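Trainee: Per our numbering, residue 353 is the first one in the sequence shown, and the count goes up by one each step.
These aren't lab readings, by the way, just hints derived from the structure by calculation.
Treat the hints with care, as some may be off.
Claimed, not checked - Each computed BS3-like pair below joins lysine-lysine, with the alpha-carbon atoms no more than 30 Å apart:
1) K441 to K523
2) K441 to K499
3) K467 to K527
4) K467 to K441
5) K527 to K499
To be verified - Here are the simulated distance ranges between beta carbons:
6) Q521 to E487: 32 to 38 Å
7) K527 to T486: 35 to 41 Å
8) T507 to H366: 23 to 29 Å
Remember, it's a predicted structure, so these values are computed and weren't measured experimentally.
Idealized CB from N, CA, C, for every residue including glycine.
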Amino acid sequence: MTVWLTRIQLNLRHRDARRDVTSAVGLHHRLMMLFPDNAGETARQNMGVLFRLEDATNTGPQSPYILIQSQVQPDLNRLPNGYGTTASKNLTPLIDALRDGLPVHYRIAASAVRKSGPTTRAAGAKAIIALHGTEADQWWQRQAEHKAGLTLTTTHSTPLDAARGTRVQDKHHVKHPRTRFEGTAVITDTDALRQTLLSGVGRGKAYGCGLLSIAPAARKPR
Numbered sequence: 353m354t355v356w357l358t359r360i361q362l363n364l365r366h367r368d369a370r371r372d373v374t375s376a377v378g379l380h381h382r383l384m385m386l387f388p389d390n391a392g393e394t395a396r397q398n399m400g401v402l403f404r405l406e407d408a409t410n411t412g413p414q415s416p417y418i419l420i421q422s423q424v425q426p427d428l429n430r431l432p433n434g435y436g437t438t439a440s441k442n443l444t445p446l447i448d449a450l451r452d453g454l455p456v457h458y459r460i461a462a463s464a465v466r467k468s469g470p471t472t473r474a475a476g477a478k479a480i481i482a483l484h485g486t487e488a489d490q491w492w493q494r495q496a497e498h499k500a501g502l503t504l505t506t507t508h509s510t511p512l513d514a515a516r517g518t519r520v521q522d523k524h525h526v527k528h529p530r531t532r533f534e535g536t537a538v539i540t541d542t543d544a545l546r547q548t549l550l551s552g553v554g555r556g557k558a559y560g561c562g563l564l565s566i567a568p569a570a571r572k573p574r
């Protein structure tokens, strides 16, 4: 199995690029157009497509860019002319080189939430509650240790704008709160980490949440 990492440096002078960064739903549809049309009803999962929008506040003077991870190489010729500059690389050698005890840098924009219990829901509480601050950090620590096979050594968290948009087919308003977590960790379960890298973390994976990026501690993840 080959895993691809694709970077699209957006040209915000392009109308479609400007529009797509304002809607997680629109960006999802744009990126899925880069992949084959015959992948079934669960096409994103079948092709392992995850993405993350890195906004200008995290990229310095450059325009925002999109990172796409997939198990099928995207056809970048399907992007509109002038949409942005692109590059793809094979991520498989990095994933194959992971091992227990390896120190790594990580970055993820995830939707840190918890489900309310039946009692609180009966009292009118929301079914899904967004977590912030210390609660969000604790959520990520649990995900890292129990799902991703990582022991965190440092963590820096940054609240991000929620992933929002309206689905065309049912007019449902999508909203996934997002927090960026980044720092250093040590791999404690390589198999669990590889599975998590392929499947993502948490809710909102179709809308730019859950892509975990890892790099050996000698260099930081893109």
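Trainee: Kindly indicate which numbered hints from before are broken by the structure, ordering the numbers from low to high.
Mentor: The structure conflicts with hints 1, 4, 7 and 8, although it agrees with all the remaining ones.
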